[in-house]
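Given two chains presented individually in distinct reference frames, assemble the corresponding complex, making use of the accompanying hints.
Heads up: the protein sequence lines correspond to chains W and U, in order. No gaps in the numbering here: position 269 of the first sequence is 271 in the working numbering, and each next residue is one more. No gaps in the numbering here: position 131 of the second sequence is 960 in the working numbering, and each next residue is one more.
Hints may contain errors.
Said to hold, decoys possible - DEER-style ranges, computed between Cβ atoms:
id: 1; chain 1: U; residue 1: Thr942; chain 2: W; residue 2: Asn289; range: 29 to 39 Å
id: 2; chain 1: W; residue 1: Thr70; chain 2: U; residue 2: Gln848; range: 53 to 63 Å
id: 3; chain 1: U; residue 1: Glu1045; chain 2: W; residue 2: Pro278; range: 24 to 34 Å
id: 4; chain 1: U; residue 1: Asp1052; chain 2: W; residue 2: Leu285; range: 22 to 32 Å
id: 5; chain 1: W; residue 1: Asn289; chain 2: U; residue 2: Gly1039; range: 15 to 25 Å
id: 6; chain 1: W; residue 1: Lys30; chain 2: U; residue 2: Lys921; range: 47 to 57 Å
id: 7; chain 1: U; residue 1: Lys1056; chain 2: W; residue 2: Leu285; range: 28 to 38 Å
id: 8; chain 1: W; residue 1: His311; chain 2: U; residue 2: Asn852; range: 33 to 43 Å
To be clear, the hints were calculated from the coordinates, so they are not data collected in a lab. A quick note: this is a predicted structure, and the numbers were derived from the prediction, not measured. All C-beta atoms, glycine included, are put in the ideal place defined by N, C-alpha and C.
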Amino acid sequence: MASINELYKKISKFANDDGSFYKKLQSKLISIISNASIQAMNSDQGYCFKFSIKMSNYKDILNLLQLTNNDLYDAFSNDWGASVMKNHMHSDPYYQLFLLLLYFGLKEDNKKISESALSCIFFKLWNGRKTTFFQYCNKDIMKYVTTYMCSRKHLANKYDTPYEVIQNHFVPTVLKKYSDKVLMGPDGLKRVFEQSYTRLRQMFVSRSRIDLKTGKKVSDGGLLPLYMKAHEEGKSMSNIHVYNNDDSPAQFGDYMSASNLDGIISNTVEKIVMNPNKKYSNLFIENLRKEYRVKKNVIEQLASQLHNHEYHDQLYDIYNIILNKLEISNKDQICSPGFSTDVKNKIMGSKNNKSAILLEKKIMTLLEDMLQKTIQRSLMEYSNVFHIQLRKMIIRIMIYNLKSSVCK
Amino acid sequence: MFLNNQETELMCEAQQALQKLNNQQNSKKDLLVEFQNNWTKYDKGRAYFEEYTPESFQSKIKIDLLYMDQLLQKLDNDQINEVEKLISSLYKDVKEIYEFLNVKPEIYGKNITEELINENNENIKGALSKNIYKYLSNRFYDLPVEKRESLYFERTKEDSKRLITEGENAKTAIEYSIKKCLMEDLVSTICFPSVIKNRLNYVLEDEAFGDLFDQEQLNDVYDSYTKKLNNISKIIAACV
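Isolated chain U (complex conformation) (with noise of 0.2 Å):
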């Protein structure tokens, strides 16, 4: 048998060598959580985009109004007068939120880009209704009933409503108010091609960002840039 003081001593050395052990779990376990608050913290879109510059928002520009061109062919010189202040004004907005996010303005649809405008009217007209038309389908025309009022009719039914009792008649208030939704969300991807629109969503969220940068502001300008929005839809849509 050991002696008392053998027995000490071994029963330190357990003890050392189960301390031991459970230092290293927890150190591991540590390691786990740190690395885990560090991925929620960690912006995972940081080395995607490019900065913003003017040149880029020009080029952007030109194309874009191109579109809106597409879109309000059908209205007279004095309404057209009208709507270009609103896409003026709206651009002014669209401009202050791309510089918010310093990324480069997409330009919207697949293989359209500044080089567009060299080319003759007929191939400018067919490059972007072709985006047009496909953007509208797979929207709208291509869905089955039941995915087009899901999509849909929680966000008509207040304006069909209004045009309803306002005296029109319920199919063409649902009509219109159906290509309202449509021309608004057509017109914020044109503005926001989707990758930029979920870049601008998730920084009008971010805690990080709303602790340096003036997140408040970014916010006012985007509620004034869904108004114009809006507006232009109702104008768009009444002409289509």
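Looking at chain W on its own, in the form it has when it is part of the complex (with noise of 0.2 Å):
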């Protein structure tokens, strides 16, 4: 039976063997932190915010490693013990692929890859504490707690988004502290996951104690104590699940990364960049031909060019971008008759904010490749005034595909 150390070599041998394998992880790793860093930029939720993550990314390392879910699991159940693989987390094959890569980064002394790898754990680490203190999270009521009731010295006060707590707080304090331990063998390893778990906690609920009228375990400290007083002052809010039970096994619910809206965007990407020949009808072409005054041939070109597997990432960020700023959470929301007119007047009409700029710049990426492929000419050719006009055409093709995708 394998263990990590083994797994770890053969990692080694692949990186010796293959002189571009550091640039291929380290791209696979850095594209899954930029993702997030998008996500959290263009979210409003605060502290109630939740990382979509993408599962592709997760399987395409995988496969770089040329590793599967049983080698994984086998590696880890020998090291640590088939006890402790009863726990869902310590069993979970997305915080062992992660946990495996931190090893390799201490061990190779590569900061790239550890710093990502232990922030992907975070990420996936949050999103199960989230869901578990705050199945329903009213952003309201949580900006109202972290501005006004958190004290200052609580991690919330200090940095704004869950995002900029991982990568500014808890990921260079647990390296710091615990990579000595790492190195020494996967026990430093597993306590670096479990450290990192009671850490991230801390923030949700931490000072616990038995309520002598209920006999129940409660919680006085941390955000999730907060936000109950805050509703309870007058703050409305759906509903709350408070989990004050530690020994409760949490649900593989509670862990499930892929949420709602990184299906609906996958999905639909998936969708485009595997079919190349897609043919759209002339009524749409004719409408986006009297709109932005292409040329129809161009815009088939265009169009076609959109489906190319290279872009597979672009749009996803694109997607990404849109629905997050529309704040979709389900495929009932793209279909409703408001959501274009929500497309034009948010996505197209926005201007000047962090996010819009973002966009503009993914767009114009993309489109700046597609018409170098399709007619050879640059977008430095055009005035902005005209780049204006072809970003928004672009964003009524990937609104159509996205539509297609979802609502037939």
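Right, here's the structure in full:
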């Protein structure tokens, strides 16, 4: 039976044999981090925010390392013991993969890999804790809590978003304190994982005690009791799931990272890139021609070019920005009659804010490449007002694909 | 003296140094050529214009129609009805051209904005007439004879000839042809003030625009606009 160290050696051998291995691995990790950063930047949910983790990234890394979920399970089970594997989190292949990468990064003294791997662990830990303590989270109440009720020492007071607290506090502090222990062996890896969990959990609940009246375990510190207090003081909230019993096992759903939105985006992007010969209706193309004054054959070429598999990640990012901005959480919202109006007003009409600028940049990068490949022209040859027209047209084509994917 | 192999080594080094210098010079040239190529392709007015909006066109058309009112004052009601149809058809093309250019429609005249419609009739009339007279003075009345000739002789020659063969006396025919020419320029400037006109001319000819946007259709709309402009200027010339 394999061990964590043997898996590390296997990866290390890949790195020695393949000169581009580090580059590939780092780019995949950076893609996860940058995706999380985009989500955080676009979200106005504050500490109600939940990361949408692309499961395709996890699978890509697994493929790059030529490992399976079973390989990971066997190695961790071997080193940590079968009884530990009964715990949902310890046996979760997502955590195991990134713990292995954390080990690899530290052993190889590659900061980028170790920091990114630990960030990925924290993203999912965050999702789990957030779902556990705030199944339904009102962003307004949470904002009130973090602004007015948290002490200055509380991390939520120091950092604006979970992304920031993870990147700027948890990752550096945990690495600083536990790197040496991880290097000593698998037990250190287990310790760093459990410590990460505990530290993050303390943000939500701390100073637990038994309530003498009810006999139940309650907490006096952390976001949850403050949130409850704010709620009782008059803020409206449909429902809140209070989870006070530390011994109760977490449900699988608590650790589900691929959210509904992530699923919608992934499916749509997969359908686009897997269907390079998509036929767009004449009516749709004609409408675009009339509205954006672009030549019909060029619209067809650009629409077809959009299905190029090379644009997979770019499309994902663009959808991510658009749907986050529109606060889409389910398919019905996309299929509702008001969706197109929302896109027009909130996306196409939006200017001079962070997400609009980011969206503009992303679409411009995509467009530049598409124009070079179709009509061998550069965006530089066109004025800004034409850029706007072209961006709007690309958004329209992407929304058409989104609706085709989700609503039919 | 050097030994053979030392000489060869020295020659090699010298050659390498020369090669390096040569490469540097070439790369400098390449950069310059690249810059020139990019500069030729670069759309120089790229950041100047604001985006078209239906609201900005509405503002423009309100003022433009007031200009037209000034020009058509002498027409009777029946004639006005006919001209209104023509103007409305002309502005359909103007709107489409602005949409093609995707630039914010401009109102002709210094300090003339949509706010003008809130003024009383006298102020409106005063402001617009001043602009019209200023335009006509700059384009005709204040010009020396030679300049007038160079500007209008070729353009009015054919019209004047035709009118004379139709029985008009020469003076009336030439006066009418010049008026028509002036009115055509004036209405055209009201529709497309010079900055926009320059942009339009650029876009009508620009190869890059033609590769991506429907330049052929823009040319069709522009032709249709020119014909309508010609018809309207005939009527205005007859009544001013």
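*Give me the numbers of the hints this structure contradicts, sorted from smallest to largest.*
none
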